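Work the whole structure out from these sequences, hints included.
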Amino acid sequence: MIDLDEILPDQESKDNFRSLCELYNKNEPIIIFYGAGLSKNPGVPTWEELLIDLCNDVNLEYDSLNGEYWDKASIIEKRYNSRNIDFYNAIRANLRPKNSNISGVLQCLIKKEKINAFITTNFDNTLSRLILVEGLNLNQQYHPDFNPSRLVGREIIYLHGNAFHETTDIVFTKEQYHQAYSSNYKNLKDIMENAYWYNSIVFLGFSFDDKYFCRLYSEVQKERYRYTGNMKKKAPIDYAFFETPYLDNEVDQVGLFEKQDRFKTTFGIQPISFSLYRGGFVNLEDLMHILIGIIPTKTISDKGDEL
26 MIDLDEILPD QESKDNFRSL CELYNKNEPI IIFYGAGLSK NPGVPTWEEL
76 LIDLCNDVNL EYDSLNGEYW DKASIIEKRY NSRNIDFYNA IRANLRPKNS
126 NISGVLQCLI KKEKINAFIT TNFDNTLSRL ILVEGLNLNQ QYHPDFNPSR
176 LVGREIIYLH GNAFHETTDI VFTKEQYHQA YSSNYKNLKD IMENAYWYNS
226 IVFLGFSFDD KYFCRLYSEV QKERYRYTGN MKKKAPIDYA FFETPYLDNE
276 VDQVGLFEKQ DRFKTTFGIQ PISFSLYRGG FVNLEDLMHI LIGIIPTKTI
326 SDKGDEL
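For the sequence shown, my numbering assigns the number 26 to the initial residue and increments by one for each residue that follows.
Careful, some of the hints might be misleading.
Claimed, not checked - Lysine-lysine pairs mimicking DSS-like chemistry, simulated, CA-CA at most 30 Å apart: (1) K39 / K199; (2) K123 / K136; (3) K199 / K137; (4) K103 / K123.
Keep in mind that the hints were calculated from the coordinates and are not lab data.
Model, not experiment: these values are computed from the prediction.
What follows is the structure, encoded as structure tokens:
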């Protein structure tokens, strides 16, 4: 039995986690939105690590590049093109898992039919490989060919494409971001509106550093305020798991409050802070096991009851 006091550092995180568990137990529709943090276990690089690897392949100094990561990606692409090297083959080569480990977080969730869909801005192949290993049948949709109306069954939505799909139409450089969130903006918004209004979205391993997606999500989230009465009350609640900030081996209370406040005031998301200090992503995996009922836990309220 796991004591969540060792994983969840504050009462608000415990209360929000309990609320999410209650939603799951009531069979309320849930979508998992996962980011690069959940691809670390099999050795897939973070986006910064990917950019550094790509720079090294063409003798380009990463530290000399300015701007956001999509700005840097555009500069790197030009370097590859000037040398007549296929940029997207290089991306695929660097995104291949470096070991055979499987993401325990995704592995436990992918099998559960209570999880309606998975959405990601990643374009690695971690989840696609996992459904093959598990022998599962999930429909997969790739940017830009979305069908939002199909978000009624078991789906994997690659919001920014997948580098291992038949096409190389991924959202990586500044130009590709601009195209995806401008000319094709309605397509992405339709997906997120469909997901938002009919499901609780649970963000895992996603940093909310992508200003393009954050702007889109904020617009979709604010749409709920056009509704009143029962419609407003019925709008599903979204949750975000994030790493607890630490200073000198102690919880950084100021940093924790600032992160919680950003999720609540900027995005209308209920924050759940979990400790990476000792348990790493094992702690997040344990939380997912508790959520789906594999592992019992001690109280996450002040009442002394158990999940």
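Hints, one by one, checked against the model:
1. K39 / K199: With Cα atoms ~39 Å apart, K39 and K199 exceed 30 Å; violated.
2. K123 / K136: Status holds; Cα separation ~24 Å.
3. K199 / K137: violated, 36 Å
4. K103 / K123: Cα-Cα ~27 Å, so holds.
Checked against the numbered hints given earlier, the structure breaks hints 1 and 3 and satisfies all the rest.
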